[in-house]
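What follows is each chain in one-letter form.
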Amino acid sequence: MSILYDEAQQSIANESRRVLEARVTKDQLLPLLESTGQYHEAFWNTAKEQGWTALAMPEDFDGLALGLVELGLIAHQAGRTLSGAPFLTSSFGAAKAIEIYGSEAQKAKLLPGLASGESIGAVAIASGADALPKQPQLVFADDRIDGMATGVSGGLVADIAIALVQGPDGPALVVASLADVERQAIESFDNSRCVANLRFAAAPADVLGDGEEAHAAALHILALQAVITAHEQTGGAEALMETARDYAVTRRAFGQVIGSFQSVKHRIAELYALVELARANCIHAASREGKDDFITAAAAARLSATEAYDTAARDCIQIHGGIGVTWEAGLHLHMRRARSLAIEQGNALFWEDILVDRLTGEAA
Amino acid sequence: MSHIETYRANAAKWLESVAPTYGKAARRSLSEDEDLALGRRYQNAKFEAGYAGINWPVEYGGQGLSHIEKVTFESEEMKHGFPTGYFGISLGMPVPILMQFGPDQEFAKERVLKALKGEEIWCQLFSEPAGGSDLAGLRTKAEPDGNGWKINGQKLWTSWAQYSDYGVIVVRTDPNVPKHKGLTYFWVDMKAPGVDVRPIKLAGGDSHVNEVFFDDVKISDDHRMSPVGGGFGVAMATLMIERYVATDSAGFGPHLDLFIDLARTTEINGKPLIADGRIRQQIARNYAMRSGLNAITARAMLMMQAGMTPGPEGSLNKLVSVRSRQKLSELAIDLQGSHGFAYDDHAQQKDNWTSSWINAPTGRIAGGADEMLLNTIAEKILGLPQDHRPDKGVAFNQIPA
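Heads up: the sequence lines are chains U and X, in that order. Residue numbering for the first sequence follows our numbering, beginning at 121 and increasing consecutively. Residue numbering for the second sequence follows our numbering, beginning at 121 and increasing consecutively.
Take every hint as true, because none was put in to throw you off.
Mimicking DMTMM-like on lysine to aspartate or glutamate, the simulated pairs with C-alpha atoms at most 25 angstroms apart in a straight line are:
hint, chain 1, residue 1, chain 2, residue 2
1, X, Lys-311, X, Asp-335
2, U, Lys-229, U, Glu-179
3, X, Lys-391, U, Asp-477
4, U, Lys-411, U, Asp-330
5, X, Lys-237, X, Asp-224
6, X, Lys-447, U, Asp-435
7, X, Lys-338, X, Asp-316
8, X, Lys-447, U, Asp-473
9, U, Lys-168, U, Asp-126
10, X, Lys-447, U, Asp-477
11, U, Lys-227, U, Glu-238
12, X, Lys-301, X, Asp-265
13, U, Lys-411, X, Glu-125
14, X, Lys-199, X, Asp-471
15, U, Lys-227, U, Asp-330
16, U, Lys-254, U, Asp-326
17, X, Lys-500, U, Glu-390
18, U, Lys-411, U, Glu-333
19, X, Lys-391, U, Glu-482
20, X, Lys-391, U, Asp-473
21, X, Lys-447, U, Asp-430
22, X, Lys-447, U, Glu-390
23, U, Lys-411, X, Asp-377
24, X, Lys-391, U, Asp-250
25, X, Lys-237, X, Glu-152
26, X, Lys-500, U, Asp-435
27, X, Lys-500, U, Asp-366
28, X, Lys-199, U, Asp-413
29, U, Lys-411, U, Asp-477
30, U, Lys-254, X, Asp-396
31, X, Lys-500, U, Glu-362
32, X, Lys-447, U, Glu-427
33, U, Lys-168, U, Glu-127
34, U, Lys-254, U, Glu-482
35, X, Lys-470, X, Asp-155
For the chain X half of the interface with chain U, some residues (derived, Cβ under 10 angstroms), not all of them:
hint, residue
36, Ile-380
37, Arg-400
38, Gln-401
39, Ala-408
40, Asn-414
No lab work stands behind these hints: they were computed from the structure. Just so it is clear, CB atoms sit at the ideal spot from N, CA and C, and this is done for glycine as well.
Given these sequences and hints, build the entire structure.
Written out as structure tokens, the structure reads:
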């Protein structure tokens, strides 16, 4: 089964699109590529002002108690206009970990700040290339973390991080303040993601879940984030598909618009197929939160959205010809974003394995 | 339980009850004639049980329900491998179009009832040697003959013409005007003198399509179903009538579970293929694609139930599912190594990879070739221009050969 968006959800989509299109331009985003650790403040201020940071948080902690469907709609629009910061997803993941696995005291302490957007969250589950390590590199003992978390999106400016750590009795999911943690900015092809290596040196942290639960909890958080990211990827792919279409109906060559050549029009029609499959998988996955097949649906959404965005980035630039590869045209903003979103929250290889494990009943 | 869920549950129960008599297992070693006879009995059983003409008007013998019930029934029916193929075209397009455009409604009612009971079969005589995708370029002609018409020419790829009692046909009645404007739509008696049906054996060994020759076939003007010169419009209406059909994200090939079972039970270099990343990737990619199509279908059903028109993304199903089924079927044969040679031409493409593979090219061409589907998406949904068409606005008999 799937769902149809209701009127309230439709208006979230329309309103967020209107606001973002009015406030985010490629001329604001291009300079961010050439500076390390800068994010687009207008985007994040908009997210706070519009209540997007509070959207999927519980009412008891200043949230709006909506869910994946609504946040997904906003992420889709953010993907269309290129979000200027990764926090919509990273803070959401951090908040969900605290909401689901934290104590009342932890929730009361941390969630209101995340809901208002005054506090920014990051998620550090991966160890290097491994999105969900069996043996995390961060070491946890006596309520303190040691070691380095690498390539954490938003890590450069986040106030708190959810981390998967190796404790004395196995892995644990913890929440740590980043106030005194050393951060090394990663010079990236998509600098507004504010990616950093985080060096923990006896940094205090609180346990959210440990033992058997820790892994399942980490996967669940990754899956929730993956569904949001998949919406963002689908939005980016949709915008590129429309851009390619708009160019193909105006640009002329050999006495006709290039969109009348099948090599071009079929390429755009194929993008339409990829975008619609990704969209359908996203809506479905968002509607399955809390159900047995949620991880399966999230994996399918993630895989089809990554394929859609990658292909759209490749083909949209190709259809534009020379103008498509200029700095000024800005299509490379999407090409860059397609890759950074492809490797946040577990890459396609990771989700393929998760999915097949579920389909074959090999997953726990 | 919602109304539609109750309907689905009842349909599923009835289908289970008749599956041993008419389903996959009962058909296994039948000749085509025996299978057709079984199919006629199954169609009649559906009629008796109230599952024929589900969304057709009651006064024609239908059930007067909506296309939601029809699609729901079909998606359940598909699971059992019933002999429905012989009636798919007949009940899908020509017979509904006869209800809508048949000049003599008493005659139409008789025909509809017999078709619903599986007693008569109709075919659709559209494609020709000179054009399939380019339907309006057809050459079979009808000339005035007394008070009626005389048909000469050849049709091609006509499904089940060899078993058909009647057919609907588009022919050229005026070659002096642009190609779309010189066509007229008729029904014909397939047993009439001058109609010659010759089955064509396809790559998979079966012969469900035919070439049909018309040699001075005389029909009276009451066979005409469109204004003279207005045949293209009725032809388009015929092709549109099947918008609401049950789709199959497996592309009418095997379910992905069968591929997973195969990968589980097969080893290469001493390792199970289900642990091989190349195979796992294909499983994951195919699953993601199929789940996307299923979600599109589920949303279309919800939209119909809400009284809305489903979005155009439903048109992706055939394009996406059949070509991926083709590749997955190739891989499934590879997986079996030297066991992959075996071929049973009675096997069903829904549960046999080799049958699925050898019939896949037909699936990608029949009922709209992949390239035409891409054109339709590009032009109708995305607003991209038509290809360069040198025959546009040119009288048919002036089009350069």
